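*Asks:* Position chain X against the provided structure of chain S, taking the given hints into account.
Same order as they appear, the protein sequences are chains S and X. The opening position of the first sequence corresponds to residue 46 in the numbering used here, with each subsequent residue numbered one higher. The opening position of the second sequence corresponds to residue 2 in the numbering used here, with each subsequent residue numbered one higher.
Note that these hints are calculated values from the structure, not bench results. Misleading hints may appear alongside valid ones.
Restricting the straight-line Cα-Cα distance to at most 20 Å, the calculated cross-link-like pairs of lysine to any residue (SDA-like) are [unchecked claim]:
1. K67(X) x D47(X)
2. K78(X) x A65(X)
3. K202(S) x P302(S)
4. K55(S) x L133(S)
5. K202(S) x D6(X)
6. K78(X) x N133(X)
7. K202(S) x P7(X)
8. K202(S) x L133(S)
9. K67(X) x P302(S)
10. K67(X) x R303(S)
11. K202(S) x R11(X)
12. K202(S) x K67(X)
Partner residues aside, some chain X positions facing chain S, computed with beta carbon under 7 Å [what the hints assert, rightly or not]:
13. G13
14. N133
15. P154
Partial list, computed: chain S residues near chain X (C-beta under 8 Å) [to be verified]:
16. L72
17. L73
18. F83
19. N86
20. N89
21. A157
22. S161
23. W163
24. R271
Here the structure is a predicted model, which is why all the values come from computation and not from measurement. For glycine and all other residues, C-beta sits at the position ideal for the given N, C-alpha and C.
Residues per chain are reported as follows:
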Amino acid sequence: MYRAQRLGLKYLTASTVMFGAMIVFGLLASIYYVRPGFMLNTFNFSTAKIVHIDGLVIWLLMGFMGAIYWFLPQELDREVEAIGLAELLFWVFCAAVAVVVVVFIFVQYGAANEWSMWFINQGRKYVEAPRWAALGIAAVAGVFAYNVIATTAVARKSTGILTVLIADLIPLVVLYLDAFPEMTNMSQDLFWWWWLVHLWVEATWEVLIGCIMAWTLIHLVGASRRVVESWLYVEVALVLGTGILGLGHHYFWIGTPRYWLAIGGFFSALEPLPLLGMVVHAVYDAGERHLQAANRPALYWTLAEASATSSAPEYGAS
Amino acid sequence: MYTQDPYFWRAGAIATVLFMCVVLAALTIDTLRQITPGGARVPAYDVINSAVTYQYDSSRGEYAPKIGGEELIFGHKYSADEATALLARGKLVIQSRACIDCHTFFGNGAYYAPDLTRAWMDPVWARYAGPNRADRLARFLMNPLRLGSRPMPNLHIQRDEAEAAVAYLKWISAVDSNGFPDRFGAPGAQQ
Numbered sequence: 046m047y048r049a050q051r052l053g054l055k056y057l058t059a060s061t062v063m064f065g066a067m068i069v070f071g072l073l074a075s076i077y078y079v080r081p082g083f084m085l086n087t088f089n090f091s092t093a094k095i096v097h098i099d100g101l102v103i104w105l106l107m108g109f110m111g112a113i114y115w116f117l118p119q120e121l122d123r124e125v126e127a128i129g130l131a132e133l134l135f136w137v138f139c140a141a142v143a144v145v146v147v148v149f150i151f152v153q154y155g156a157a158n159e160w161s162m163w164f165i166n167q168g169r170k171y172v173e174a175p176r177w178a179a180l181g182i183a184a185v186a187g188v189f190a191y192n193v194i195a196t197t198a199v200a201r202k203s204t205g206i207l208t209v210l211i212a213d214l215i216p217l218v219v220l221y222l223d224a225f226p227e228m229t230n231m232s233q234d235l236f237w238w239w240w241l242v243h244l245w246v247e248a249t250w251e252v253l254i255g256c257i258m259a260w261t262l263i264h265l266v267g268a269s270r271r272v273v274e275s276w277l278y279v280e281v282a283l284v285l286g287t288g289i290l291g292l293g294h295h296y297f298w299i300g301t302p303r304y305w306l307a308i309g310g311f312f313s314a315l316e317p318l319p320l321l322g323m324v325v326h327a328v329y330d331a332g333e334r335h336l337q338a339a340n341r342p343a344l345y346w347t348l349a350e351a352s353a354t355s356s357a358p359e360y361g362a363s
Numbered sequence: 002m003y004t005q006d007p008y009f010w011r012a013g014a015i016a017t018v019l020f021m022c023v024v025l026a027a028l029t030i031d032t033l034r035q036i037t038p039g040g041a042r043v044p045a046y047d048v049i050n051s052a053v054t055y056q057y058d059s060s061r062g063e064y065a066p067k068i069g070g071e072e073l074i075f076g077h078k079y080s081a082d083e084a085t086a087l088l089a090r091g092k093l094v095i096q097s098r099a100c101i102d103c104h105t106f107f108g109n110g111a112y113y114a115p116d117l118t119r120a121w122m123d124p125v126w127a128r129y130a131g132p133n134r135a136d137r138l139a140r141f142l143m144n145p146l147r148l149g150s151r152p153m154p155n156l157h158i159q160r161d162e163a164e165a166a167v168a169y170l171k172w173i174s175a176v177d178s179n180g181f182p183d184r185f186g187a188p189g190a191q192q
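In isolation and in its complexed conformation, chain S is listed as follows:
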């Protein structure tokens, strides 16, 4: 087993822990709906909500990274470049997440000044993490992108899946830089914030899932790389062809012009298409091979994941 694969398993373990934290704080948040005065002024709804939704972002990111660290050395038949730095940053990432959660729980909020933005809470949904932690996440994402790009370059081998993955990692990192700005004008603030939230979830993340799904199908059911890569390109065209202007469904009421009502409505109506295609493709591949797979539980998981993603592409993101 490559070191990168061991790192991948660590990321998947950390992702599972964060998934658990998300569930726990989600359940906690639900209590406030039943008992509205619950822990008032001690541990308010907003804090439970922050840990719940930020936990979602972190476990998904860690899960994606874990899966890619697992498949990348197999794809290129070599160890990942700068794997030592990646291993170090895994622990830095975990420690930073732990510190942020502790600050969220025990400090919660601060006065209206820059100190609060840097060290307590930025107060922007999904990216509440204080700036120092956001910088850390950007560094982790940057090293992760370097791992993939440098390993591919050194291996002097590129596949369709790697091409899509590398092209996707660049906007993934660049869009995250929108986690920092502080804009007085809330219309502009929300305009750019949706580039981060929407174009991560409904563009770059879906493409990442497509890449991971492609590798999974190749390894699980021995699907033809030629067919899988063709489908991946179709997936990219559909996801980004609908998702980029599907951004408009967040621009109905934030002060932005009226034309976004038509553009957002039209393209977001098309957004489920690539996800539906993913389900059809996964079911077709599984059926063609009579559910014979190297790892049948993993195959069932893949089918369930594709179905769940298509039925709830952006649950709760607005």
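*Replies:* Chain X alone, transformed into the frame defined by chain S:
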């Protein structure tokens, strides 16, 4: 057949993505022009010196903010620079207290507490003690009283922070948000 060649689909994906990026870039340029303070849809920050109401516009078939004559808050007429600085601080108050993780602005947020887009003109403030609406709102933010079934926590907001937040709420209430929220403040409408 050419459709079995992955490069055919790759070319299609690249062309689609590039086209969508170009369209998004063009729309972004136009949108930013319109939502710059003082632009067609977002008022300048010194609108806090004017009366702001929310009225039905029959030509549009929806409610829209209307800017009236002078109506000062906290007995002070803010210059453009003073208003910009005050609202920057107001936004910091909103972010530092993570208001959006209970409330919503323009429909974006946590949906646990009321939307604050038109909170400035909420008729509920008439029920509270104080010389005027701005003062009542500031007092509420400093010592929240139970308004509905869900009490608002005391977030230790100081007087200067409360005034900045109130000014921010007045400014945001003047943003044209395509009729959202519908009928806010109208008799019988849910706030």
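*Asks:* For each hint, tell me whether it holds in the structure or not.
*Replies:* Checked hints:
no.	hint	in the structure
1	K67(X) x D47(X)	holds (15 Å)
2	K78(X) x A65(X)	violated (25 Å)
3	K202(S) x P302(S)	violated (46 Å)
4	K55(S) x L133(S)	holds (12 Å)
5	K202(S) x D6(X)	holds (19 Å)
6	K78(X) x N133(X)	holds (16 Å)
7	K202(S) x P7(X)	holds (17 Å)
8	K202(S) x L133(S)	violated (27 Å)
9	K67(X) x P302(S)	holds (17 Å)
10	K67(X) x R303(S)	holds (18 Å)
11	K202(S) x R11(X)	holds (18 Å)
12	K202(S) x K67(X)	violated (62 Å)
13	G13	holds (5 Å)
14	N133	violated (23 Å)
15	P154	holds (5 Å)
16	L72	violated (15 Å)
17	L73	violated (13 Å)
18	F83	violated (10 Å)
19	N86	holds (5 Å)
20	N89	holds (5 Å)
21	A157	holds (4 Å)
22	S161	holds (4 Å)
23	W163	violated (11 Å)
24	R271	holds (6 Å)
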